[in-house]
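Residue numbers 0 to 305, in numbering that gives the first Met the number 0, belong to the letters of the sequence shown in order.
Where hints are given, some of them may not hold.
[Said to hold, decoys possible] List of simulated lysine to any residue pairs, SDA-like, C-alpha gap at most 25 Å:
#1 Lys82 - Thr68
#2 Lys282 - Asn213
#3 Lys273 - His296
#4 Lys200 - Asp270
#5 Lys282 - Ala262
#6 Lys8 - Leu107
#7 Lys132 - Lys69
#8 Lys82 - Gly95
#9 Lys8 - Lys200
#10 Lys282 - Pro233
#11 Lys132 - Glu79
#12 Lys48 - Ile66
#13 Lys282 - His296
#14 Lys266 - Ser192
#15 Lys273 - Gly163
#16 Lys266 - Gln197
#17 Lys8 - Lys48
#18 Lys200 - Pro233
#19 Lys282 - Glu166
#20 Lys200 - Leu274
#21 Lys200 - Val126
#22 Lys104 - His296
#23 Lys273 - Trp199
#24 Lys8 - Phe117
#25 Lys3 - Phe117
#26 Lys282 - Asp293
#27 Lys69 - Ala10
#28 Lys8 - Ile66
#29 Lys34 - Ala10
#30 Lys266 - Ser246
#31 Lys69 - Arg18
#32 Lys273 - Asp254
#33 Lys273 - Val205
#34 Lys69 - Glu37
#35 Lys273 - His190
#36 Lys104 - Ser116
#37 Lys82 - Cys134
#38 Lys3 - Lys48
#39 Lys200 - Ser278
Keep in mind the hints are simulated off the structure, nothing from the lab.
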Amino acid sequence: MPTKLILRKGAEIHEEHLRPNLNEKRLADFQDWPKFIEAFAQQDIESLKAFPSFLEDLVWEREYRPIETKTFPFRRTVAEFLKNIDEEVLVPYNVGACQSIKEAKRLLAPNAIGFSSFDAGTVDPRVLNDPDKPCYTVQGGQFSFMVNFQLMQDVARHLDIRTGMIESQRDFVGRSLSTTVLSVMDLLASHPSPPEGQAWKLDALVLRTLEALNRTYRSPYQRHIEFPLSESTPAHERAALERLVQSLPPHGVPDTIAYLTEAEIWKAMPDLQKLGYDSEGVKGMLQLPPQPVDYTHMFFSSNGSS
0 MPTKLILRKG AEIHEEHLRP NLNEKRLADF QDWPKFIEAF AQQDIESLKA FPSFLEDLVW
60 EREYRPIETK TFPFRRTVAE FLKNIDEEVL VPYNVGACQS IKEAKRLLAP NAIGFSSFDA
120 GTVDPRVLND PDKPCYTVQG GQFSFMVNFQ LMQDVARHLD IRTGMIESQR DFVGRSLSTT
180 VLSVMDLLAS HPSPPEGQAW KLDALVLRTL EALNRTYRSP YQRHIEFPLS ESTPAHERAA
240 LERLVQSLPP HGVPDTIAYL TEAEIWKAMP DLQKLGYDSE GVKGMLQLPP QPVDYTHMFF
300 SSNGSS
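Take these sequences, add in the hints, and give me the full structure.
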């Protein structure tokens with residue numbers, strides 16, 4: 000969903016924009032600079048082919064521009080939120096998510112159970128006010144932005160939504176199942192010596208962990224897991240890992256972000272220990288409280304709106 004990165008300068012809201020430029024060491028190679036800029040701006044591929052190769056020398060420069068107030072959703076609510084954030088500290092504004100709350104409120108029937116949203120983010124003002132926080136990560140060439148649940152909560156209040164809840168996704172799943180749970184990713188994070196440096200080795204650990212879990216786990220739903228292997232996987236390892244992906248049963252663990260109950264994990268522990276997992280590490284992960292930035296569940300019902 001659309002997300003803006005914003006900050007406060009005095010009483011103004013500014014938005015971050017990324018602008019491509021060329022490494023200054025390459026400028027001498029482009030004799031007709033204005034023509035190159037024109038072709039780049041117009042995405043004229045045929046004209047760009049006449050210039051030297053440049054993609055590997057692109058640099059991205061950040062600039063901050065005042066927002067267009069007439070087209071900025073929930074401007075007053077955002078301005079009030081930013082008063083509690085230090086000046087020039089960048090925060091994510093998840094525009095699409097906030098607009099989804101407005102649309103969900105409009106569509107919810109009076110007797111509906113409610114609306115749930117799940118994503119990775121924070122409601123902690125200390126995290127949001129930290130100038131060094133990561134506002135996004137890049138995964139598979141795509142930007143993945145942290146969700147600003149505190150601002151979403153403010154937008155919900157602005158929309159007169161009075162019944163709401165924000166909690167960690169893990170707490171929500173555990174409460175729904177009346178037990179303690181871990182996601183597969185949490186389990187992987189408990190490994191005392193995960194492989195480092197080569198992505199394909201981590202892929203191998205993930206797949207062998209799923210294989211170990213599936214010896215004792217059975218899902219009531221049928222879904223064959225999708226798991227694209229890293230491009231860096233050596234050919235002889237790729238063939239074996241592809242066979243392992245194909246061998247994972249359709250009633251096994253359905254995804255790497257799936258949740259497992261404490262009982263399911265302990266049942267699989269003998270097989271997990273063969274991969275280097277340690278029972279004390281898993282026990283510590285099961286007892287770990289929610290983190291400041293975590294997978295989060297946001298809920299509201301129509302009963303709390305007027």
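Taking the hints in turn, this is what the structure says about them:
1. Lys82 - Thr68: holds, 17 Å
2. Lys282 - Asn213: holds, 20 Å
3. Lys273 - His296: Distance of about 34 Å is beyond 25 Å: violated.
4. Lys200 - Asp270: Holds - the C-alpha atoms of Asp270 and Lys200 are around 19 Å apart, at most 25 Å.
5. Lys282 - Ala262: Distance of about 12 Å is within 25 Å: holds.
6. Lys8 - Leu107: Status violated; Cα separation ~38 Å.
7. Lys132 - Lys69: violated, 29 Å
8. Lys82 - Gly95: Between Lys82 and Gly95 the Cα gap is close to 22 Å, so the pair holds against 25 Å.
9. Lys8 - Lys200: Roughly 45 Å separates the two Cα atoms, so the pair is violated.
10. Lys282 - Pro233: Violated. Lys282 to Pro233 sits at ~35 Å, over the 25 Å cutoff.
11. Lys132 - Glu79: holds, 21 Å
12. Lys48 - Ile66: violated, 36 Å
13. Lys282 - His296: holds, 24 Å
14. Lys266 - Ser192: Holds: Lys266 and Ser192 sit about 22 Å apart, inside 25 Å.
15. Lys273 - Gly163: violated, 44 Å
16. Lys266 - Gln197: Since the Cα atoms of Lys266 and Gln197 sit roughly 30 Å apart, the hinted pair is violated (cutoff 25 Å).
17. Lys8 - Lys48: violated, 41 Å
18. Lys200 - Pro233: holds, 10 Å
19. Lys282 - Glu166: holds, 22 Å
20. Lys200 - Leu274: Roughly 13 Å between the alpha carbons, so the hint for Lys200 and Leu274 holds.
21. Lys200 - Val126: violated, 32 Å
22. Lys104 - His296: Status holds; Cα separation ~17 Å.
23. Lys273 - Trp199: holds, 20 Å
24. Lys8 - Phe117: Violated: Lys8 and Phe117 sit about 31 Å apart, past 25 Å.
25. Lys3 - Phe117: The given pair, whose Cα atoms are some 19 Å apart, holds under the 25 Å limit.
26. Lys282 - Asp293: At roughly 19 Å apart (the allowed maximum being 25 Å), Asp293 and Lys282 satisfy the hint.
27. Lys69 - Ala10: Holds, because 16 Å separates the two Cα atoms, which is no more than 25 Å.
28. Lys8 - Ile66: Given pair Lys8, Ile66 holds - Cα atoms ~11 Å apart, limit 25 Å.
29. Lys34 - Ala10: Violated, at roughly 39 Å.
30. Lys266 - Ser246: Holds, at about 21 Å.
31. Lys69 - Arg18: holds, 23 Å
32. Lys273 - Asp254: holds, 22 Å
33. Lys273 - Val205: Measuring from Cα to Cα gives roughly 14 Å; hence the hint holds.
34. Lys69 - Glu37: Outside the cut-off at roughly 30 Å; violated.
35. Lys273 - His190: This hinted pair holds, its Cα atoms lying about 12 Å apart.
36. Lys104 - Ser116: holds, 13 Å
37. Lys82 - Cys134: Within the cut-off at roughly 19 Å; holds.
38. Lys3 - Lys48: violated, 33 Å
39. Lys200 - Ser278: Given pair Lys200, Ser278 holds - Cα atoms ~22 Å apart, limit 25 Å.
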